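Fit chain B to the supplied structure of chain A, relying on the hints for placement.
The residues making up each chain are set out below.
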Amino acid sequence: MGKSIIDKVWDKHIVHQEEGKPDLLYIDLHLVHEVTSPQAFSGLRMKNRKVRRPENTFATMDHNIPTVNRTVIDDEVAKNQMTTLEKNCIEFGVPLAGIDSPDQGIVHVIGPELGLTQPGKTIVCGDSHTSTHGAFGAIAFGIGTSEVEHVLATQTLWQSKPKTMKLDFKGKLSEGVSAKDVILYVIAKHGIGFGTGHIIEYCGEAIRGMSMDERMTICNMSIEGGARAGLVSPDETTFAYLKGRKYAPKNFDQAVEAWKELASDEDAVYDAVIEIDATDIEPMVSWGTNPSMTAKVSDSIPTLADCATETDKRALESALQYMGLKEGQRIEDIQIQHVFIGSCTNSRIEDLRAAAEVAKGKKVHPSVRALVVPGSQQIKIQAEQEGLDKIFINAGFEWRDSGCSMCLSMNNDVVPAGEHCASTSNRNFEGRQGAGARTHLVSPAMAANAALYGKFVDVRKSEILN
Amino acid sequence: MSGFKTHTGKAVALDRVNVDTDQIIPKQFLKRIEKTGFGQFVFYGWRYLEDGQLNPDFELNQPENQGASILVANDNFGCGSSREHAPWALQDFGFKVVIAPSFADIFFQNCLKNGMLPIRLEQEKVEYLLKAAKNQPYELTINLEEETVSDNQGFSASFTVSPYWKKMLINGWDEIEITLQLDEAISKYEQENVPVK
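Sequences listed follow chains A and B, in order. Each residue of the first sequence is one higher than the one before, counting from 1 in the working numbering. Each residue of the second sequence is one higher than the one before, counting from 1001 in the working numbering.
Chain A with its partners taken away, still in its complex shape (with noise of 0.2 Å):
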């Protein structure tokens, strides 16, 4: 019976095992930021404690961080969280890509860039969209402070291994659909608890076609549908994409070898199996109040005569109350004030150009404020080289420094309440965006279009595809 990546990658990280306990698992890479670390490393000081592999260990900070003039924090407690995490990489003697640093963004999106996650590694940091890391063939899960503090102490966890799901997508994508409308689609259609308790091999053509980029959007993602966990086998564009970055394996060719062995098996068994029919999957918008409140753009709202149960029902009436909408409402019919491109999900150099490309020469609608934040200072760097920031700054978007900003707004990124935000982040929960605020996800192509438009319209149906 043949090995799926999930269990060789598991298998090869267990330290100890022993009778009605959880494995002993080894971590390989853990990634730290200001929110869920403080009380993490003062636990280590009380006992007088030391991190047992700074090496192993990568800190930066990035939820509250300023996307303007970024070294003003007029939020006293958000700059003592700041100022907590650069003592503590000192104390502990963990590097960190502070506010200076040129390695400075969002935890998911350094990682990758920076060659720390690599394929095989099991990969832990105190933030549920970790599984974004999976893209690389890594099994990388989102952890709280105690395990946080845990790792830190012993550079391991104890945890029972998940069951094991293949998502099969069959098919190839339409033109003009999105990694993000994959993802979507796929919580969508089975749920925000589908995945609980499972790590998911996301497989198929329409995976294997796809770049690191857009593999890293529907694993970030994996944990809105429930799961701990996401990944992709590892392949030549995983290796091509990691070639030559700072911290990626200086004997590539010898790491390369080993990564070509974790790829599942051709008879691998999994726990549960699901089909996605990818020729089915057009443009997604969210218009509830969890990932799973979205429809197809050419779609409506449901209505209250479509819930199957008295609590389905209850929730739909609370998500259309606090969403200011209507059942069986026209998704094309939802008027928007604020567009946010950005965050974990989609705040990278090919989100950035989907979205410019729509941009380009056009005009954002005057009731609309957009805001553009890259996902690192790398990523903005290489955005204002290709010309990017001009085509977003021409239209009328704010072109801002990279950090987590609106996803949850921590910072001075905020949507007012009542008003619509097209986001191209991952939660769509009450309050997310700011107190009373009104989220709809979807991918940067129909973020940027949202903006010009003022509601949402079919990327496909733009000029730019013709």
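In case anyone wonders, no lab produced these hints; they're calculated from the structure. Heads up, a few of these hints could be off.
[Unchecked claim] Derived DSS-like pairs (lysine-lysine); straight-line CA-CA distance at most 27 Å:
id : chain 1 : residue 1 : chain 2 : residue 2
1  : B       : Lys1188   : A       : Lys50
2  : A       : Lys21     : B       : Lys1167
3  : B       : Lys1197   : A       : Lys21
4  : A       : Lys47     : B       : Lys1197
5  : A       : Lys360    : A       : Lys390
6  : A       : Lys12     : B       : Lys1131
7  : A       : Lys296    : A       : Lys172
[Claimed, not checked] Sample of chain B residues with no beta-carbon within 10 Å of chain A, all distances over it, derived:
id : residue
8  : Gly1039
9  : Asp1092
10 : Thr1141
11 : Ser1156
Note that the structure is a prediction, hence the values are computed from the model and not measured. Glycine included, every Cβ here is placed at the ideal spot set by N, Cα and C.
Leaving out everything else, chain B in the frame of chain A:
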């Protein structure tokens, strides 16, 4: 951490599905660098009205639910962000146990690590509890050793908890201390698995 054997307390019903950690503790309260003091902000968006007054309609604010230490919720409780601030806030508010038909994985782990017991019960058992605790004071007893949830009116349900976590919780053990006893095994693993540089 002190051990957890049995707990008797008031249960409050929060009959909503997919309660995410952004609702349990909104992002504007994540900037503290301590583990304490989050209880005042728990369910902030639901607990308070726009003018800062307590929302009288929210379940936790109703007079009969004051002092509740057991939260009964519906499917997929704790989904979304990995923020451990969510269990810290619930615990700081006074909760010792959360009961639901299902939980999100990270939240479930985060509860255990803090000595707060997450209990999965069958949907119909949870429905019974949600009804029993609605609009009236309702007391439950949780016995971790026996793995049971019961009231004093004849309701009793059993749940399962992994043997590992049962032992950890009952004894209030520090997980890091236990792992550090395996230091030799970790070092051996590191020597045998040197990555390609």
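Structure-based check of each hint:
1. Straight-line distance between C-alpha atoms of B:Lys1188 and A:Lys50 comes to about 19 Å, which keeps the hinted pair within the 27 Å bound.
2. Proximity of A:Lys21 to B:Lys1167 is assessed by CA-CA distance (about 10 Å); at most 27 Å being required, the pair is judged to hold.
3. Between B:Lys1197 and A:Lys21 the CA atoms are separated by roughly 33 Å; this puts the pair beyond 27 Å, and the hint is violated.
4. A threshold of 27 Å between alpha carbons decides the hint, and for A:Lys47 with B:Lys1197 the separation of about 33 Å lies outside it, so the pair is violated.
5. Pair hint A:Lys360 plus A:Lys390 holds up; C-alpha atoms about 9 Å apart against a cutoff of 27 Å.
6. Our distance criterion of 27 Å between C-alpha atoms is broken by A:Lys12 and B:Lys1131, whose separation comes to about 48 Å.
7. A distance of roughly 17 Å separates the Cα atoms of A:Lys296 and A:Lys172; the hinted pair therefore holds under the 27 Å criterion.
8. No beta-carbon of chain A comes within 10 Å of the beta-carbon of B:Gly1039; the shortest separation is about 15 Å.
9. Non-interface call for B:Asp1092 relative to chain A: holds, since the shortest CB-CB distance, roughly 13 Å, exceeds 10 Å.
10. Under the 10 Å C-beta cut-off, the non-interface status given to B:Thr1141 relative to chain A holds; the minimum distance is some 26 Å.
11. The beta carbon of B:Ser1156 sits about 25 Å from the closest Cβ of chain A, which is more than 10 Å, so the claim that it is off the interface holds.
Hint check: violations occur at hints 3, 4 and 6; the rest are consistent with the structure.
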